[in-house]
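S.K.: All chains should be built: construct the whole structure from the sequences, respecting the hints.
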Amino acid sequence: LHTNGFTLARSALNLDGDPAAVRRLLSERPFDSTDTLGELLLRPHRSYLPAVLPLLERELVTGMAHITGGGIVGNVGRIIPNGLVAEIDVDAWAPTQIFDLIQERGSIRASEMFRVFNMGVGFVTIVRPDDADESLATMSDARVIGRVASTNDRTRVRLNGLKDG
Numbered sequence: 001l002h003t004n005g006f007t008l009a010r011s012a013l014n015l016d017g018d019p020a021a022v023r024r025l026l027s028e029r030p031f032d033s034t035d036t037l038g039e040l041l042l043r044p045h046r047s048y049l050p051a052v053l054p055l056l057e058r059e060l061v062t063g064m065a066h067i068t069g070g071g072i073v074g075n076v077g078r079i080i081p082n083g084l085v086a087e088i089d090v091d092a093w094a095p096t097q098i099f100d101l102i103q104e105r106g107s108i109r110a111s112e113m114f115r116v117f118n119m120g121v122g123f124v125t126i127v128r129p130d131d132a133d134e135s136l137a138t139m140s141d142a143r144v145i146g147r148v149a150s151t152n153d154r155t156r157v158r159l160n161g162l163k164d165g
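Here the sequence shown is numbered in this note's numbering, starting from 1 and rising by one per residue.
Just so you know, these hints were derived from the structure itself, not from any lab. Don't be surprised by glycine CBs; every beta carbon is placed ideally from N, CA and C. Fair warning: there could be bad hints in the mix.
Unchecked claim - Listed below are the simulated SDA-like cross-link pairs for lysine to any residue, each with C-alpha atoms no more than 20 Å apart in a straight line:
| hint | residue 1 | residue 2 |
| --- | --- | --- |
| 1 | 163 | 94 |
| 2 | 163 | 103 |
| 3 | 163 | 112 |
| 4 | 163 | 100 |
| 5 | 163 | 104 |
| 6 | 163 | 115 |
| 7 | 163 | 90 |
| 8 | 163 | 74 |
| 9 | 163 | 92 |
| 10 | 163 | 110 |
| 11 | 163 | 105 |
| 12 | 163 | 89 |
| 13 | 163 | 145 |
| 14 | 163 | 120 |
| 15 | 163 | 108 |
| 16 | 163 | 93 |
| 17 | 163 | 111 |
| 18 | 163 | 101 |
| 19 | 163 | 109 |
| 20 | 163 | 106 |
| 21 | 163 | 146 |
| 22 | 163 | 87 |
| 23 | 163 | 98 |
| 24 | 163 | 91 |
| 25 | 163 | 97 |
| 26 | 163 | 96 |
To be verified - Derived CB-CB ranges, DEER-like:
| hint | residue 1 | residue 2 | range |
| --- | --- | --- | --- |
| 27 | 46 | 152 | 33 to 39 Å |
| 28 | 11 | 35 | 18 to 24 Å |
| 29 | 89 | 36 | 28 to 34 Å |
| 30 | 144 | 83 | 17 to 23 Å |
| 31 | 23 | 147 | 43 to 49 Å |
| 32 | 33 | 89 | 27 to 33 Å |
| 33 | 31 | 83 | 38 to 44 Å |
| 34 | 150 | 27 | 50 to 56 Å |
M.R.: As structure tokens, this is what we get:
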């Protein structure tokens, strides 16, 4: 969860005011894994510095955002200047299973999930199109999730493919 969204997660997973919640946190293994629900929720996030530093040293990065509180929309939106919009393709990756569980159990709309959580995208770097291949080759687990385009409106981030039904 990248240290954010715990209020919504606790509510969605019925962990507020439930005497059995501690037992569930310590014993429920929602994905047939060795990790309990509590371990999944409290898993530390990685440091992105080792992955991003080579891009910074090569001066490939034009913007970057650690996706924490405010989710993808809020964090990426803060680095997009007026007249531009980050068009994020939400089908470019599969959210981590914990987000599916939170959304399902809490009956939370997809737009709210993307507003609160990182949805499995912990860090975003923005690079020039001509530098995309070099950037991807430098970062082993990176992928293209969108593009920056011109716009005439005040929208800073557009989530393309979001199904909010």
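S.K.: Compare the structure with each hint and give your call.
M.R.: Outcome of the hint check:
1. 163 with 94: holds (14 Å)
2. 163 with 103: holds (13 Å)
3. 163 with 112: Holds, at roughly 11 Å.
4. 163 with 100: Distance of about 13 Å is within 20 Å: holds.
5. 163 with 104: Given pair residue 163, residue 104 holds - Cα atoms ~14 Å apart, limit 20 Å.
6. 163 with 115: With a Cα-Cα distance of about 14 Å, the restraint between residue 163 and residue 115 holds, given a limit of 20 Å.
7. 163 with 90: holds (9 Å)
8. 163 with 74: Distance ~19 Å between residue 163 and residue 74 Cα, so the pair holds.
9. 163 with 92: Satisfied, since the Cα-Cα distance of roughly 14 Å is no more than 20 Å.
10. 163 with 110: holds (7 Å)
11. 163 with 105: holds (17 Å)
12. 163 with 89: holds (12 Å)
13. 163 with 145: The hint holds at about 16 Å.
14. 163 with 120: holds (17 Å)
15. 163 with 108: holds (12 Å)
16. 163 with 93: Judged against 20 Å, a Cα distance of about 14 Å means the pair holds.
17. 163 with 111: Roughly 8 Å separates the two Cα atoms, so the pair holds.
18. 163 with 101: The given pair, whose Cα atoms are some 17 Å apart, holds under the 20 Å limit.
19. 163 with 109: Judged against 20 Å, a Cα distance of about 9 Å means the pair holds.
20. 163 with 106: holds (17 Å)
21. 163 with 146: holds (17 Å)
22. 163 with 87: At roughly 15 Å apart (the allowed maximum being 20 Å), residue 87 and residue 163 satisfy the hint.
23. 163 with 98: Holds: residue 163 and residue 98 sit about 18 Å apart, inside 20 Å.
24. 163 with 91: holds (10 Å)
25. 163 with 97: holds (17 Å)
26. 163 with 96: holds (17 Å)
27. 46 with 152: 33 to 39 Å: holds (38 Å)
28. 11 with 35: 18 to 24 Å: This hint holds: roughly 21 Å between Cβ atoms.
29. 89 with 36: 28 to 34 Å: Check passed, 33 Å falls within 28 to 34 Å.
30. 144 with 83: 17 to 23 Å: Holds - the Cβ-Cβ distance for residue 144 and residue 83, about 22 Å, lies within 17 to 23 Å.
31. 23 with 147: 43 to 49 Å: holds (46 Å)
32. 33 with 89: 27 to 33 Å: Between residue 33 and residue 89, where Cβ atoms are some 28 Å apart, the hint holds.
33. 31 with 83: 38 to 44 Å: The hint (38 to 44 Å, Cβ to Cβ) holds, given that residue 31 and residue 83 are roughly 43 Å apart.
34. 150 with 27: 50 to 56 Å: holds (52 Å)
Going down the numbered hints, you'll see the structure goes against none, and every one checks out.
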